[in-house]
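Trainee: Given chain U, put chain D in place with the hints provided.
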Amino acid sequence: GAVVSQHPSRVICKSGTSVKIECRSLDFQATTMFWYRQFPKKSLMLMATSNEGSKATYEQGVEKDKFLINHASLTLSTLTVTSAHPEDSSFYICSAMGTSGYEQYFGPGTRLTVT
Amino acid sequence: RKEVEQDPGPFNVPEGATVAFNCTYSNSASQSFFWYRQDCRKEPKLLMSVYSSGNEDGRFTAQLNRASQYISLLIRDSKLSDSATYLCVVVREGGGADGLTFGKGTHLIIQP
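Residue numbers (the numbering used here), protein chains in the order written: chain U, 176 to 290; chain D, 211 to 322.
Hints may be right or wrong, so weigh each one.
Computed Cβ-Cβ distance ranges for the label pairs, DEER-style [as the list claims (entries may be wrong)]:
1. D:Asn-265 x U:Ala-177: 15 to 25 Å
2. U:His-182 x D:Ser-291: 22 to 32 Å
3. D:Asn-275 x U:Glu-262: 31 to 41 Å
4. D:Ser-236 x U:Gly-236: 12 to 22 Å
Treat the hints as calculated values from the structure; they're not laboratory data. Backbone N, C-alpha and C define an ideal beta-carbon position, used for all residues, glycine too.
Looking at chain U on its own, in the form it has when it is part of the complex (with noise of 0.2 Å):
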């Protein structure tokens, strides 16, 4: 199937600090990517959906300014955390839509601690 990956795996950093998740599909391209996140024992919610050379759409509560979204090439988009809280403090993990339309295909995820 189809490979998606993400950088970096694990990232701890201190708070008011900006982190970057970059994700990437290695195998095929897609116009349309998706950031969730994680907390412990919770389900994955949906953050945005990054399409490629146009502005992400987030989702209701998520703050833009705050979880910026870059989606420059067809397999690469990016998640920025600026100014990070331990509350953000999370797994995140991104997708990539195939070519079927339907499928999503995960990266292993990144999981960010804010100290």
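Mentor: What follows is chain D alone, placed relative to chain U:
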């Protein structure tokens, strides 16, 4: 009512037994349904799609009941390796171009 609801469990099941769990969804216009499996601290992986006619893949059977708005997953002859969290996933009305809506997951523990 939440968009997608699942019994979080845990379901403790002896190896070799059959286990089933359901997931209810609130949006009657939802068109696509999936079961994902998520291992601890890993990303979710697609287990199977759920078709209107029901579908089977080896020991796994998925069913959709539109009238009652739920989907089910049946696992026969359970293996230790089946221990995981099973996530019910619904594609919103807008179709595949939308993100997926996940249930909280049902935690399954297969005991030797």
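Trainee: Looking back at the hints listed earlier, which ones does the structure fail to meet?
Mentor: none
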